[in-house]
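Participant: Protein sequences, first through last, are from chains A and B.
Reminder that position 73 of the first sequence reads as 72 in numbering that gives the first Met the number 0, one-by-one numbering, no gaps.
Reminder that position 172 of the second sequence reads as 171 in numbering that gives the first Met the number 0, one-by-one numbering, no gaps.
Don't take each hint at face value.
List time: in silico SDA-like cross-link candidates among lysine to any residue, alpha-carbon distance up to 20 Å [unchecked claim]:
{"id": "1", "chain 1": "B", "residue 1": "K264", "chain 2": "A", "residue 2": "K52"}
{"id": "2", "chain 1": "A", "residue 1": "K107", "chain 2": "B", "residue 2": "P346"}
{"id": "3", "chain 1": "A", "residue 1": "K107", "chain 2": "B", "residue 2": "A331"}
Covered stretches of chain A (in silico footprint by chain B; criterion: 3 or more residues with CB under 8 Å from a CB of chain B, positions within the stretch not fixed) [unchecked claim]:
{"id": "4", "segment": "85-95"}
{"id": "5", "segment": "104-110"}
{"id": "6", "segment": "114-126"}
These are computed hints drawn from the structure, not numbers from a lab.
All figures in this text were calculated on a predicted structure; none of them were measured in a lab.
Glycine residues also receive a C-beta, built at the ideal position from the N, C-alpha and C atoms.
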Amino acid sequence: MTSKRIVLHFPHRLVDQPIVYNLVKEFDLKFNILKAFVTPQEEGLMVLELTGKKENFDKGIEYLNSCGVKIQPLSQDVIRNEVKCMHCGVCVPICPANALTVDQESRKVIFHDKKCIACELCVRICPTRAMEVRF
Amino acid sequence: MKTIKEINEKIKKGEVVVVTAEEVSELIEKKGLKRAAQEVDVVTTGTFGPMCSSGAYFNIGHSKPRIKLGGGVCKLNDVPAYTGLAAVDIFLGATAIPDDDPRNKVYPGEFKYGGGHVIHELLEGKNVSLEATAYGTDCYPLKKIETTINLKDLNEAVLFNIRNCYQNYNVAVNLSDKMIYTYMGALKPNLGNANYCSAGQLSQLLKDPYYKTIGVGTKIFLGGGVGFVAWHGTQHNPGVPRLENGIPKVPAGTLAVIGDLKQMKPEWLVGTSMIGYGVTMIVGIGVPIPVLNEDVIKHAAARDEEIFTQVIDYSNNYPNCVAGSLAQVSYAQLKTGKIVVQNKEIPTGNLSSYSKAREIAETLKSWIKKGDFTLSEPVANIPGAESGYAVKPLKQNPSLS
Ligand code: SF4
Ligand code: SF4
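Kindly generate the complete structure, drawing on both the sequences and the hints.
Facilitator: If you want it as structure tokens, here you go:
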């Protein structure tokens, strides 16, 4: 069994296609949608946890590629430099995935890296450039 | 009634009672105003936000042969420093950027490096490159110099911020239909977000709204070391409308502060890049408020619920100096993460770190408790609410505009 979290970028023309449904039907993969939305550029973004037999998993990825869906592995893409972050919170309303929130007690900004879809919106708006992209 | 002298005696004896500006309101609730005023000696405040009118001056020492930087050009890590002073005195502003920075040519510009970053790196103990050219004189023959400088080797390195500690500040929103990039951060179209910049109930001038204890000469926490209030800050504007509790409803008073950079810490002076706007520096400041009487502690106890500010449109109104507030909100509301403007609920973001402000107030409290920090008596007041002192717009010459 393989289980991976991936980010799918659907170009505008594919946004209303039953692609995820096909993944389940054709390749016997289980999925868990962690986040899905349409960006201002009308690109569909979906963060999935995909589980299934290794063989089917690879076929599923191949299928997505053939449809024109851009696939990105998730999680380690955007990280927070804990030394640089000064916990201001100006990134919080910018994050489309609610991956940055303020703890009401400590008033510190929490980075939920599991929710992060690596859209990089926070990267350039962070005044201390604490959000870093890792390739 | 207490005097600063009496409080300092208590500090020396280790008997001083210090609370932070957050803790003081709880204490009053528990003990009542009168007892709290008797028991508490000092209330500490703190802020940690971007403050553009900051900078530092340096005396770098004389080279052999001598060079006169005054009237010449001097760059620190490619960032231009002001040289219109004597031979080896220079001033580096927090917002200065290298000549070859693309600025907003590729919009929005990233503004990766500037004066604020240089000051931060000097504090980290790093060597900073110095490149200068001069016109040469009989007494200062050298015309060009290229070397590195290190904070520890400089004669003087003094942080001198001509406007910090704004007493209250706007909440910035964007009414237009496109994204804008401001000194208040990136603002999403159609009221997409609301950015504010204040530590609210921890912010110094909100806790001494009539500048009764804070004045010229007040000793403060500055950039992790000790500094002083040098003067009122530029754009000081004490005569604005106030709430019944004395707190201004709009940006009002400001402070100019000064201190020896060599004893400051890099964690508390941080160079920052505001996308599409420029470079600036986050400055950590904490001011102690001596509890001289009940009135002082009552003001120091104002909570976020009792401090209000205005929501301003930064797409048209701010840039074009059009007056008008879209809403009046409290810091308590802002801190919930959502405010309502024009019937729309919008998420809020703070540019000023509340958790760091709290850390500053706590640090200053521990310094005072340990006896490492005594209070100073102000030597002059800063212009107050009734002084008539006010900020004016630029008087533009009609025949030239
Ligand atoms: S904007 Fe940057 S410094 Fe501020 S809380 Fe977010 S990550 Fe931290
Ligand atoms: S990259 Fe930043 S803005 Fe985008 S989802 Fe991750 S934390 Fe949020």
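Participant: Against each hint, give a clear statement of whether it holds in the structure.
Facilitator: Going down the list of hints, with the structure as the test:
1. Pair hint K264 (chain B) plus K52 (chain A) does not hold up; C-alpha atoms about 54 Å apart against a cutoff of 20 Å.
2. Taken as a hint, the K107 (chain A) and P346 (chain B) pair is honoured in the structure, with Cα atoms around 16 Å apart against an allowance of 20 Å.
3. As the CA atoms of K107 (chain A) and A331 (chain B) are separated by approximately 16 Å, the hinted pair is consistent with the 20 Å bound.
4. Given a C-beta distance limit of less than 8 Å, the hint that chain B covers the segment 85-95 of chain A holds, as 9 residues qualify and 3 suffice.
5. Residues of the segment 104-110 of chain A lying with their CB closer than 8 Å to a CB of chain B number 3, which satisfies the three-residue condition for coverage.
6. Residues of the segment 114-126 of chain A lying with their CB closer than 8 Å to a CB of chain B number 3, which satisfies the three-residue condition for coverage.
Of the numbered hints stated above, the single one contradicted by the structure is hint 1.
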